[in-house]
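Quick note, the sequences are listed as chains R and L, same order. The first sequence maps to residues 2 to 274 in the working numbering. The second sequence maps to residues 2 to 274 in the working numbering.
There's no promise every hint is true.
Identical copies carry no separate label here, and so any pair may be met within one copy or between two of them.
Distance condition first, Cα-Cα at most 16 Å in a straight line; then the derived EDC-like pairs of lysine to aspartate or glutamate [claimed, not checked]:
id : residue 1 : residue 2
1  : Lys260    : Glu212
2  : Lys94     : Glu160
3  : Lys222    : Asp234
4  : Lys141    : Asp165
5  : Lys249    : Glu24
6  : Lys33     : Glu126
If you are wondering where the hints come from, they were derived from the structure by calculation, not from laboratory data. Keep in mind that this is a model prediction, so the values were computed, not measured.
Number of protein chains: 2
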Amino acid sequence: MKVGVLGPRGTYSELAAKKQFGEKVTIVPYPKITDVANAVASKKINFGVIPVESLREGSVGEALDAIAWTDIKVHAEIVAPISHSLLGVPGSKLVQIAQVLSHPQALAQCREFLRKNLPKAELIEMTSTAKAAEQVGKLKRPHMATIGPKALANLYGLEVLHDDIQSGETNTTRFLCLAKEDSKPTGRDKTSVAFYTAQDRPGILHEILGEFAVRNINLTKIESRPSKKALGDYLFFIDFEGHREDAKVKEALEGLKRKTAMLKVLGSYPRRF
Amino acid sequence: MKVGVLGPRGTYSELAAKKQFGEKVTIVPYPKITDVANAVASKKINFGVIPVESLREGSVGEALDAIAWTDIKVHAEIVAPISHSLLGVPGSKLVQIAQVLSHPQALAQCREFLRKNLPKAELIEMTSTAKAAEQVGKLKRPHMATIGPKALANLYGLEVLHDDIQSGETNTTRFLCLAKEDSKPTGRDKTSVAFYTAQDRPGILHEILGEFAVRNINLTKIESRPSKKALGDYLFFIDFEGHREDAKVKEALEGLKRKTAMLKVLGSYPRRF
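Build the full structure now, drawing on both the sequences and the hints.
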């Protein structure tokens, strides 16, 4: 079974894919979220795992666009905690570290650890944690370290100098698992939809949410996203409890279809939170 | 007058600040959006300009957090088109360019130009367009170029090799101008609020939006953002037409206050779209 992930190898998307499917699947890394979605749509891979929402950073715009505009379904959601490690070349010691390379978000999330343990280290921003690890692994300098998921150590010949170095608050990321089909009802499901309202007039969103409210359906997320045509022209994304085959969800979706100009049911899948 | 911007110098936030205040203001660059907001809150600067929403990328999470949690108001919105130029060292020619350094988003936005004109050039990702320009200006190699706002040319001793190289579709960014006070009514205004709902129950958001619907107040944006405590626990951001001193807006805000656990009126300001 082939599972595409947002690459390169060793990123948190790969960890999320293995959490969902186990260690034995074939991981296929893609450079962009859109590439993962397209590979699912064209059946090059069976599933695709992409980050969609982080506790710290909010929604990933490219992921919302990919699920709205690609011929795929949301098959599952995967919730995984983000845990950063400090990785160095084998044999290097924490006290030697003078340069730390990583993605700006990872550096920011480990600010307190760095301030306490490596206050003089130069922080060098890279475009991904994996690229930073690759660089440190290639140069093999004992004064260089990188911050990222522990799994990067094996991939790039590095050693864990310290693990779980992110700041006290939890940082959880929600990933979506994409496929050609969504999931069967389990009794504890969630459904995602995307839609345009027909007209930009007062109350239209209120009327649309009424379809859920009158049927006692709990929304778990709502988001508007610029439609790429003009600022102020929005595509809406709503997640709610229930499966699209449930009678009251079916009715709500019928109501939505009448009140929107475009409705895409992105999929129903087991609810993880 | 001091205007803080998301730095470094020469970024699109500085261009937006000059669009709003003219060329004569003192620009103070800050490394992070949060730093700009804090400098406004502590009155180190009179105004702060930060990007909040891009047509391509959606909302800037850090900006939403900064306006929700800092003691500042939204004083104005500024809408500015993003226009990228290819910048090289003085005297270099387009045909010589073998390396292009820029932020991944800028490289992506100029994909078609690069494919057509520089198909063999190596694309090197940097953490900001300004850092890329600084690097090219420092190394002074005629085979290196950078992509970013034209204003970077003057700042880093570069020359415009080609301008307006972004892909056909428009890319507009919305900036917010922050201050200690919001703006007086002009007759064509917008108001931004952030709130938590008291309980997570079906229909609560529908009831809240009803406060706007029954008064015929048009929403221009709605967004939910993880509260940083747990995924699924959301802070809502709503923009709507009207000024907080308008009678019907006042009533709607009173209604909101009763239905939410926390309500912050972020500010009223002239509407730009």
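Verification of the supplied hints:
1. Lys260 with Glu212: within (10 Å within a copy, 20 Å between copies)
2. Lys94 with Glu160: within (10 Å within a copy, 45 Å between copies)
3. Lys222 with Asp234: between (19 Å within a copy, 9 Å between copies)
4. Lys141 with Asp165: neither (23 Å within a copy, 41 Å between copies)
5. Lys249 with Glu24: neither (38 Å within a copy, 58 Å between copies)
6. Lys33 with Glu126: The answer is between: 14 Å across copies meets 16 Å, while 20 Å in one copy does not.
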